[in-house]
Amino acid sequence: MIYLDLLLGFLRVGLFSFGGAYGAIPIIRDTVLSYGWLTDEELTYMIAVSESTPGPIMVNLATYIGSTQAGFFGAALATIAVVLPAFIVMLLVMIFFKTLLKNKYVQAILQGLKPCIIGIIFATGIYMTGNNCISLRKNTSVDVQAVIITAILAVMMFGTRAIWKKKISPVMLIVISACLGIILEG
Amino acid sequence: MKKNMLFDLFFTFMKIGLFTFGGGYAMISIIENTCVEKKKWISHNDMLNVAVIAESTPGPIAINCATFVGYRQAGFPGSLAATLGVIVPSFTIIYIISTILNNFLEIPVISNAFKGIKIAVGILILDVAVTMIRKMPKKILPCTIMTFSLIAMFFINIYSWKISSIGLMLTAAAINLVIFVMIDTFGRKGGTKNDLS
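Protein chains in written order, with the working numbering: chain A, 1 to 186; chain B, 1001 to 1197.
Errors might be hidden in some of the hints.
With a straight-line cut-off of 27 Å between C-alpha atoms, the simulated BS3-like cross-links for lysine-lysine are [to be verified]:
#, chain 1, residue 1, chain 2, residue 2
1, B, Lys1003, B, Lys1040
2, B, Lys1135, A, Lys104
3, B, Lys1039, B, Lys1003
4, A, Lys167, B, Lys1135
Chain A residues, not near chain B, derived (Cβ > 12 Å throughout) [to be verified]:
#, residue
5, Met1
6, Ile2
7, Tyr3
8, Leu4
9, Leu7
10, Ser141
11, Val142
12, Ile163
13, Trp164
FYI, nobody ran anything at the bench for these hints, they're computed from the structure. Note that the Cβ used here is the ideal one computed from N, Cα and C, for glycine as well.
Generate the whole structure from the sequences, applying the supplied hints.
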């Protein structure tokens, strides 16, 4: 039942995504791949579309995936599901438990969750970057153009902070990466 | 009056949803600008608090902020109005795009551009990880959990194991909770200071 899958899948994304949009992508990726909703290529496409349209990226992704999987109601359902945990948790914190987040057991749970999430995000980042350059699954082959693009983008992302003390914006990096893709892969 | 407030919340957050690109942290500055400086709905201090709460609660940061401001102004209906307001623009735009653009990826120029974008997304995720690691307390337990999750997730990715990341997270949370409770109940008697804060 696609509606139930969308509901459960995106409730899961909404409930376990910490660390903003790119922090949520590993969880979203894990969910959509395991349900077989999208391939890695399609997901990348959607991330780029979500990034270049206004609004929270997680909401955009949920709407997009819901819509392509099950039309308007799918989109509405996925969007509500991804938002609901944040909405409810925030209300609970405000109404009942102003000190909930300071509770030592809640803190212990959060302190355990966070490093794990960081590990998951890191692993997914390494895997995605590595997989673009070297095909890890089939016969190991190196994609030279991809390695060049990766090197340029990495210098831009991690180098700009060292020089100007200000990071390059995600939108800018994506625009540059698209141009590099057209020039080098074409 | 109350009704006006609900409309005001809805349309203000709709505007915020419509004009912020790049999600989360970009949105915080716009919300700060609108709700603190222009509308004076909440104080700057409140805004900082929301940002902290938003970080330790799941979900899109914009939703956390909208719920907070809405509830402050007009209770539960207010939180609903603000949250819906922030979602409506993205929902509408993305829904329309998803019905129009379908076979976009088959155009060669576009598909080459996306090969580049795919690399950028990987780098952006790495950047989030690096930023989070810098902020992480450098203690044995969190570092161990981090390393184990990293290795486990890496192999899950490579070999497409049927273990979900959620399972990993729940395990990590449970282990940390158990260790915390153990230190909390037995640790003090032995006089060992625990580093788990």
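The hints, checked one at a time:
With a C-alpha separation of about 18 Å, the suggested pair Lys1003 of chain B and Lys1040 of chain B falls inside the 27 Å cut-off, and the hint holds. With a C-alpha separation of about 20 Å, the suggested pair Lys1135 of chain B and Lys104 of chain A falls inside the 27 Å cut-off, and the hint holds. Our distance criterion of 27 Å between C-alpha atoms is met by Lys1039 of chain B and Lys1003 of chain B, whose separation comes to about 17 Å. Taking the CA atoms of Lys167 of chain A and Lys1135 of chain B, the gap is near 16 Å; set against the 27 Å cutoff, the hint holds.
Even its closest Cβ contact with chain B, about 19 Å, leaves Met1 of chain A beyond 12 Å, as expected for a residue assigned away from the interface. Listed as outside the interface, Ile2 of chain A is consistent with that label: its C-beta sits roughly 15 Å from the nearest C-beta of chain B, beyond the 12 Å cut-off. With 12 Å as the threshold on Cβ separation, the claim that Tyr3 of chain A sits away from chain B holds: the shortest Cβ distance comes to roughly 16 Å. No Cβ of chain B approaches the Cβ of Leu4 of chain A within 12 Å, the least distance being about 17 Å, so the stated non-interface status holds.
For Leu7 of chain A, the shortest C-beta to C-beta distance to chain B comes to about 15 Å, beyond the 12 Å cut-off, and the non-interface label holds. The non-interface label for Ser141 of chain A is consistent with chain B: the shortest C-beta to C-beta separation is roughly 15 Å, beyond 12 Å. With a closest Cβ-Cβ approach of about 14 Å to chain B, Val142 of chain A is found to remain outside the 12 Å limit, as its non-interface label requires. Chain B leaves Ile163 of chain A outside its interface by the beta-carbon criterion, the shortest separation being 16 Å against a cut-off of 12 Å.
At roughly 15 Å from the closest C-beta of chain B, the C-beta of Trp164 of chain A stays outside 12 Å, upholding its exclusion from the interface.
Violation of the numbered hints given earlier is absent; every hint is satisfied by the structure.
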